[in-house]
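Asks: Listed below are the residues making up each chain.
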Amino acid sequence: MEDRDTRRPVTVVTGFLGSGKTTLLTKVLAAPSTANTAVLVNEFGEVGLDHHLLRRVDERTVLLGSGCVCCTTREDLVGALMELLNLDQRGEIPRLDRVVIETTGLADPAPILHTIYADPVLQHHFSVDLVLTTVDAVNGPLHLDRNPESVKQVAAADKVVVTKTDIAELGVARVLLSRLGKINPSARIFEAAFGEVDVHELFRPGGEGTHAPSLAEEPDELHDTGETHSVSVTFDGAIDWTAFGIWFSMLLNARGEDVLRVKGLLDVGEAGPVVLNGVQHIIHPPEHLGEWPDEDRRSRIIFITKGVHPEELLNSLLAFRDLLGAQPLPLHAEQSVAFP
Amino acid sequence: MCVLCGQDFVAQVHWTDRHLENRARASGPGSDPVAFQGDRRRDRAHRVVLTNEVLRHYGLRVEDWGGSKYVLRDRKGRSELVQDLGSLWPAAAKLAGRRPDPLDSALCEALSAAHEG
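Order-wise, the sequence lines are chains B and Y. One point on numbering: in the working numbering, the residue at position 305 of the first sequence is 305, and numbering is uninterrupted. One point on numbering: in the working numbering, the residue at position 5 of the second sequence is 5, and numbering is uninterrupted.
Don't read these hints as lab results, they were simulated from the structure. Even for Gly, the Cβ is constructed at its ideal location relative to N, Cα and C. Some hints could be false.
Stated by the list, open to error - Derived CB-CB ranges, DEER-like:
| no. | chain 1 | residue 1 | chain 2 | residue 2 | range |
| --- | --- | --- | --- | --- | --- |
| 1 | Y | G38 | B | E149 | 44 to 50 Å |
| 2 | B | G269 | Y | R56 | 22 to 28 Å |
| 3 | B | D236 | Y | R75 | 34 to 40 Å |
| 4 | B | E311 | Y | A114 | 17 to 23 Å |
| 5 | B | R146 | Y | D64 | 47 to 53 Å |
| 6 | Y | R40 | B | H332 | 37 to 43 Å |
| 7 | B | D236 | Y | A106 | 21 to 27 Å |
Go ahead and model the full structure; you've got the sequences and the hints to work with.
Replies: So, in structure tokens, the structure goes:
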């Protein structure tokens, strides 16, 4: 675990075209605390970013043999991150505190995670600790309706920044917030009127920020937003980590592209839980914690899927109960939000 | 692959193996290597038993192969060598002629029947 401490945190900033990624980055980079943050952007947009560690990358993807989109390697990122690592290790730049990768509006964040976790060198030096997604309060609802990529970006997010709330109508913004919460109940939501947001809070993994206020009329734990579903599950006891690995690796192989996101804490009968975090096929290296972060010592895991119905997942976990060593129970939304 | 011992140098540790890998690293130099090997062997044996419960439905069996890989066999004597759970499922799909799916209702019924029986 000592290697975990030395890895440089990476933040992936996604968001639909014109949703305010660059405006947000401009504000963020102006803060004194981000002096040693390197930024990789796809294009120098109209909003001038001025920062000494700014690098432009041309999106070059290499599709691997299996042909799945999320298991592609971004060669451009490998090159750019290696260059930063070399500069850092030769002492030519101060030690990097963080690398921020801005994606193009249409990009799926999964290949970026795959690139970092699959590269034999990068995986030991970088670790993605945060996926930030910007959603524009004015055009966001339209993007979510029309573009599946936009839903994927929200599902992949650890934090969602709702921008342009200053010019959106109050009602529209409220409905949008509730919708974001339904797509991804585990994400923390920030509002950024005029691009103003608390940089320190935003870049702290975990940290403050509120979960999307649910409009509270739907009491059930299964959320449907069109094709996207989310379900939170707990177990009536400790589960067998090996059995969970079998079930989940099998699920990802069969339905990987339909599992947009998984996030949770699992009680595996040890002193602390296992932190599970995955975007499509890409599973962050699971961390076995030494202790529980709070009083609640139950497993809690959330699945965000596309086309896979929550009941199917629950029935499957129920069928696997002998192997898992515990029975799955659906969790209510308000109990499920307390994720790390 | 190392030509002397036949071990692969696996650059990519599958997430299901990460737990043991981390424990091996955390133990550091000077710790008892045999204790870790015991854990690892137990863990692999346990995984083989559980995986076979699922693979039975597809007419397949998996065995530990020298503590470094797994060998997956069907009843016609065909076999595939796999590194971890990440490569096991595609190989199982190839041998079984269909993709093992935990949401498959027939598999769920078979596992539930085993629970009641």
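Asks: So, for every hint listed, does it hold in this structure?
Replies: Hints versus structure:
For the pair G38 of chain Y and E149 of chain B, the supplied restraint of 44 to 50 Å holds, since their beta-carbon distance comes to about 48 Å. The hint said 22 to 28 Å for the Cβ distance between G269 of chain B and R56 of chain Y, and at roughly 26 Å that hint holds. Take D236 of chain B and R75 of chain Y: their Cβ atoms lie about 37 Å apart, and the range 34 to 40 Å holds. In this structure the hint that E311 of chain B and A114 of chain Y lie 17 to 23 Å apart at CB holds, the actual value being about 21 Å.
With their beta carbons about 50 Å apart, R146 of chain B and D64 of chain Y fall inside the hinted range of 47 to 53 Å. In this structure the hint that R40 of chain Y and H332 of chain B lie 37 to 43 Å apart at CB holds, the actual value being about 39 Å. For the pair D236 of chain B and A106 of chain Y, the supplied restraint of 21 to 27 Å holds, since their beta-carbon distance comes to about 26 Å.
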